[in-house]
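S.K.: Given next are the chains, with one letter for each unit.
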Amino acid sequence: DVKVTQSSRYLVKRTGEKVFLECVQDMDHENMFWYRQDPGLGLRLIYFSYDVKMKEKGDIPEGYSVSREKKERFSLILESASTNQTSMYLCASSLRPASSYNEQFFGPGTRLTVL
Amino acid sequence: GNSVTQMEGPVTLSEEAFLTINCTYTATGYPSLFWYVQYPGEGLQLLLKATKADDKGSNKGFEATYRKETTSFHLEKGSVQVSDSAVYFCALTISGGSYIPTFGRGTSLIVHP
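Chains U and G, in that order, are what the protein sequence lines are. Residues in the first sequence are numbered from 1036 upward in steps of one, following the working numbering. Residues in the second sequence are numbered from 8 upward in steps of one, following the working numbering.
So that you can see chain U by itself, here it is in the shape it has in the complex (with noise of 0.2 Å):
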């Protein structure tokens, strides 16, 4: 069975702290992404990578940084966690496209709390 998964279900932080949110997939997909979701606002793209070491900006990716040195593994990282950062985070993978016919795959989401 293909899987995401993600480090931590919930993780509660303080103000200031360096966070680091942890993606494994186990598809050998080329792309990967990280999303937050809020209520009424859905899904809004934070970063993304199509390739080891490679990343791209999303629509919202002030206060975020993120990391891959594996293809298997995409790390999210607040470099000093705020309180307006409190939300779903929700990683994501799909193979690179021929086509647009590929679809993503999510890992189960890790809650977020900063205190």
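It should be emphasised that the hints constitute simulated quantities derived from the structure, not laboratory data. Just so it is clear, the structure is predicted and the values come from calculations on it, not from any experiment. There's no promise every hint is true.
[Unchecked claim] Residues of chain G clear of chain U, computed beta-carbon distances all greater than 10 Å:
#1 T33
#2 R74
#3 T78
[To be verified] Ranges between beta-carbon positions, derived for each pair:
#4 N29(G) <-> Y1085(U): 31 to 39 Å
#5 G8(G) <-> V1047(U): 32 to 40 Å
#6 S86(G) <-> P1143(U): 24 to 32 Å
Note that CB positions come from ideal geometry on N, CA and C, so glycine has one too.
Given chain U, work out where chain G should sit, using these hints.
M.R.: Showing chain G alone in chain U's frame:
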């Protein structure tokens, strides 16, 4: 640009009722269309998809038909169950374009016994 518009929720139904969740889109190219479902406490998972006009995607009793003339991809189910309670997202990707999907804001469905 590309956009997806879904009806606002929550949609509240009794068990065995008929479900429709509306989805319309605008696209700069030729889109593939998707419905994802998010059950409570979980990530999104693909429910169904359609890749060309007049295609019908179906899964778990849900159906959606790609209507190019009305730029729509409405989700339907003839008889909902309590276990269908979830958030449903409509999405599109563009053939030959970016591999990044455009998502709607999601529609919450609550089914009562």
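S.K.: Does each hint hold? Answer for all of them.
M.R.: Structure-based check of all given hints:
no., hint, verdict
1, T33, "16 Å, holds"
2, R74, "18 Å, holds"
3, T78, "16 Å, holds"
4, N29(G) <-> Y1085(U): 31 to 39 Å, "33 Å, holds"
5, G8(G) <-> V1047(U): 32 to 40 Å, "37 Å, holds"
6, S86(G) <-> P1143(U): 24 to 32 Å, "29 Å, holds"
The structure agrees with every numbered hint stated previously.
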